[in-house]
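Trainee: Since chain A is already given, all that's left is putting chain B on it; use the hints.
So the protein sequences, as listed, match chains A and B. Following our numbering, the numbering of the first sequence begins with 45 at its first residue and continues without gaps. Following our numbering, the numbering of the second sequence begins with 40 at its first residue and continues without gaps.
Bear in mind the hints are in silico, worked out from the structure with no lab data behind them. Misleading hints may appear alongside valid ones.
Rough simulated footprint, nothing fancy, chain A against chain B, three-plus residues with beta-carbon under 8 Å [unchecked claim]:
(1) 59-67
(2) 81-92
Sample of chain A residues with no beta-carbon within 12 Å of chain B, all distances over it, derived [to be verified]:
(3) 52
(4) 54
(5) 83
(6) 112
(7) 120
(8) 137
(9) 207
(10) 234
(11) 242
For lysine-lysine, the following DSBU-like pairs were computed, each having C-alpha atoms within a straight-line distance of at most 30 Å [what the hints assert, rightly or not]:
(12) A:261 x B:196
(13) A:116 x B:196
(14) B:196 x B:132
(15) B:196 x B:56
(16) B:56 x B:209
(17) B:209 x B:196
(18) B:56 x A:116
(19) A:116 x A:261
(20) A:116 x B:135
(21) B:135 x B:196
(22) A:116 x B:132
(23) B:135 x B:56
(24) B:209 x A:116
(25) A:261 x B:209
(26) A:261 x B:135
Where a beta carbon is used, it is the ideal one built from N, C-alpha and C, also for glycine.
If you want the building blocks of each chain, they are given just below.
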Amino acid sequence: MSALYRYLLASVLLSQRYLPPTLIFLAALAVGVTSDNGPLQASYAFCVLAMLICSTWLAVSIVNHEDPTQRKITLVMMGDSLRVLAITVAVVLTWSIPLIAVGLIYPIVTGEHVITAGNLTVGAVAQLAAAMIGTAIGLLCSRLVIPRIGIATLTAAAAILVVLLIRWVSPIRPIMTLLSNDHTATEDAVPLTLLTVLCAAILAAALLATRGIADRKE
Amino acid sequence: MLALVGANGSGKSTVLKLMVGLSRPTTGTVRRTAQIVSYVPDVFASHDRLSASAYLRHMGRIRGLSARAARQRSGELLDRLALTGGADTPMRKLSKGNAQKVALAQALLEPPQLLVLDEPWSGLDTTAHGTLRALLTETAREGGAVAFTEHSDQVVKSTATRVCEIHQGKLIQRTTTTPHQLTEIELIPGADLDWSHQPDVLEVRHHDAGVTLVLPTGSHDAALLTALNHGWSVVSVRQVKPE
Chain A
45 MSALYRYLLA SVLLSQRYLP PTLIFLAALA VGVTSDNGPL QASYAFCVLA
95 MLICSTWLAV SIVNHEDPTQ RKITLVMMGD SLRVLAITVA VVLTWSIPLI
145 AVGLIYPIVT GEHVITAGNL TVGAVAQLAA AMIGTAIGLL CSRLVIPRIG
195 IATLTAAAAI LVVLLIRWVS PIRPIMTLLS NDHTATEDAV PLTLLTVLCA
245 AILAAALLAT RGIADRKE
Chain B
40 MLALVGANGS GKSTVLKLMV GLSRPTTGTV RRTAQIVSYV PDVFASHDRL
90 SASAYLRHMG RIRGLSARAA RQRSGELLDR LALTGGADTP MRKLSKGNAQ
140 KVALAQALLE PPQLLVLDEP WSGLDTTAHG TLRALLTETA REGGAVAFTE
190 HSDQVVKSTA TRVCEIHQGK LIQRTTTTPH QLTEIELIPG ADLDWSHQPD
240 VLEVRHHDAG VTLVLPTGSH DAALLTALNH GWSVVSVRQV KPE
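If we strip away everything but chain A, and leave its shape as in the complex, we get:
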């Protein structure tokens, strides 16, 4: 299992497909968070938005990266499409981790904030939740589900808008609202944890749905 993870990671790193979404994420932070001197958690709310878009793009890029014929070989080798897909998701989330770190540090470096361990934890967890939802959207908009890239792009954009604009379609809007309030990190801890667990469940559901659809298409 770890061998497939290493192979996919090496292949993705060499392909540099991670670069456009990463640059978009950094550019979004530069525009939206630089010199923000408000509450740190409010800055992290913007990072959640940027992470959602970046991880969706990242997931589509990484899932689509593997050539369809190579994917068949990998599937036969592993004997289980769910494991292959789960490892692909692990690669996406692995790449999200340094971005989360950047998202945590950048507002602190460029603005003046009161920094507490609680704020940092809340920021990290909120971005991880956004990465999971972005990955879920990316999976469902990947070639495995939507073969035509134009339709997949439009669907992903629409899905991100729906997730951001409509409350309770996903936990992202409530998380952003939570970060924008004047609550302390301690007050946000429990609802944020619950919302993050919900994000993980949504990612798991997206994984199963993608696997089911992809297997049926083979």
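Mentor: Just chain B, lined up with the frame of chain A:
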């Protein structure tokens, strides 16, 4: 060694995909006892920037080989299949034939219990034809089941022990065969002649003294005539048993 034959669109590749679990039957069941299954698709055009050797090492590790064993085995296979341009060539820069050789190598990193190949001879040069036949025979000798699709009657007759003909998704004929007796002709070169494009030539081996051709017995007379007409000298003609 099972060959699936039939016209384009008859369902040969679908049967192979059912065998390896890439497709699910709409009715009926597929029973497979093999644990180590390898698959070679009909077209393998990777856009990967990994080199062929790095790719094969990764595939070997996924197969469960140690890093050293994966490196050693992939080196052996690439040597045997004579990958042009070297093992460090990025996958995306490989020609169709060389990509096919890498696809074959990944399938043989670990001796498979079931080896499934979709038109594996397609795109290969005639030298690699012989190597592929030898590799498949070795797999079968080690107890692996080999199933492949192929359009060339000569290749099927010189390789398969069982042939299934498929038409519109239905098995219409099943025959057990003995692979054809092969003839080796050793030649000293005369005028320019590309044997790889001559009909019925299954394998061309170049060596210091000249060239050795492998053909199905019975169809070697035409090759001898072509050789003599082009000023080539015949050193020996001998029958060999299929490996």
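Trainee: A separate judgement is required for each hint: does it hold in the structure or not?
Mentor: Hint check:
1. Counting residues of the region 59-67 of chain B whose beta carbon lies closer than 8 Å to any beta carbon of chain A gives 5, which meets the minimum of three for the stated coverage.
2. Chain A is given as covering the region 81-92 of chain B, and this holds because 8 residues of the stretch bring a CB closer than 8 Å to a CB of that chain, at least three being needed.
3. Listed as a non-interface residue, residue 52 of chain A fails to keep its Cβ farther than 12 Å from every Cβ of chain B; the least gap is roughly 9 Å.
4. With a least CB separation of 7 Å from chain B, residue 54 of chain A falls inside the 12 Å interface cut-off, contrary to its annotation.
5. Every Cβ of chain B is farther than 12 Å from the Cβ of residue 83 of chain A; the closest lies at roughly 44 Å, confirming the non-interface assignment.
6. The non-interface label for residue 112 of chain A is inconsistent with chain B: the shortest C-beta to C-beta separation is roughly 9 Å, within 12 Å.
7. Distance check on residue 120 of chain A: its Cβ comes as close as 4 Å (rounded) to a Cβ of chain B, failing to clear the 12 Å threshold; non-interface status is violated.
8. Against the 12 Å criterion, residue 137 of chain A stays outside the reach of chain B, whose nearest CB is about 20 Å from its own CB.
9. Look at residue 207 of chain A: its CB is around 31 Å from the nearest CB on chain B, clear of 12 Å, so calling it non-interface holds up.
10. Residue placement check: residue 234 of chain A keeps its beta carbon more than 12 Å from all beta carbons of chain B (closest about 41 Å).
11. The beta carbon of residue 242 of chain A sits about 32 Å from the closest Cβ of chain B, which is more than 12 Å, so the claim that it is off the interface holds.
12. In summary, the hint linking residue 261 of chain A to residue 196 of chain B is not supported, as the alpha carbons are separated by about 35 Å, beyond the 30 Å threshold.
13. Restraint check for residue 116 of chain A and residue 196 of chain B: the C-alpha separation of about 29 Å stays at or below 30 Å, so the hint holds.
14. Our distance criterion of 30 Å between C-alpha atoms is broken by residue 196 of chain B and residue 132 of chain B, whose separation comes to about 34 Å.
15. Distance hint between residue 196 of chain B and residue 56 of chain B is fulfilled; the C-alpha atoms sit about 23 Å from each other, no more than 30 Å.
16. Pair hint residue 56 of chain B plus residue 209 of chain B holds up; C-alpha atoms about 15 Å apart against a cutoff of 30 Å.
17. For the hint linking residue 209 of chain B to residue 196 of chain B, the alpha-carbon distance of about 21 Å falls within 30 Å, and the restraint holds.
18. A hinted pair counts as satisfied when its Cα atoms are at most 30 Å apart, and residue 56 of chain B with residue 116 of chain A qualifies at roughly 9 Å.
19. This hinted pair checks out: residue 116 of chain A and residue 261 of chain A have alpha carbons roughly 12 Å apart, not beyond 30 Å.
20. Distance hint between residue 116 of chain A and residue 135 of chain B is fulfilled; the C-alpha atoms sit about 18 Å from each other, no more than 30 Å.
21. As the CA atoms of residue 135 of chain B and residue 196 of chain B are separated by approximately 25 Å, the hinted pair is consistent with the 30 Å bound.
22. Between residue 116 of chain A and residue 132 of chain B the CA atoms are separated by roughly 20 Å; this keeps the pair inside 30 Å, and the hint holds.
23. Note on residue 135 of chain B and residue 56 of chain B: the hinted pairing holds, with a Cα-Cα distance of about 21 Å set against a maximum of 30 Å.
24. The straight-line distance between the Cα atoms of residue 209 of chain B and residue 116 of chain A is roughly 24 Å, inside the 30 Å bound, and the hint therefore holds.
25. Pair hint residue 261 of chain A plus residue 209 of chain B holds up; C-alpha atoms about 22 Å apart against a cutoff of 30 Å.
26. Straight-line distance between C-alpha atoms of residue 261 of chain A and residue 135 of chain B comes to about 26 Å, which keeps the hinted pair within the 30 Å bound.
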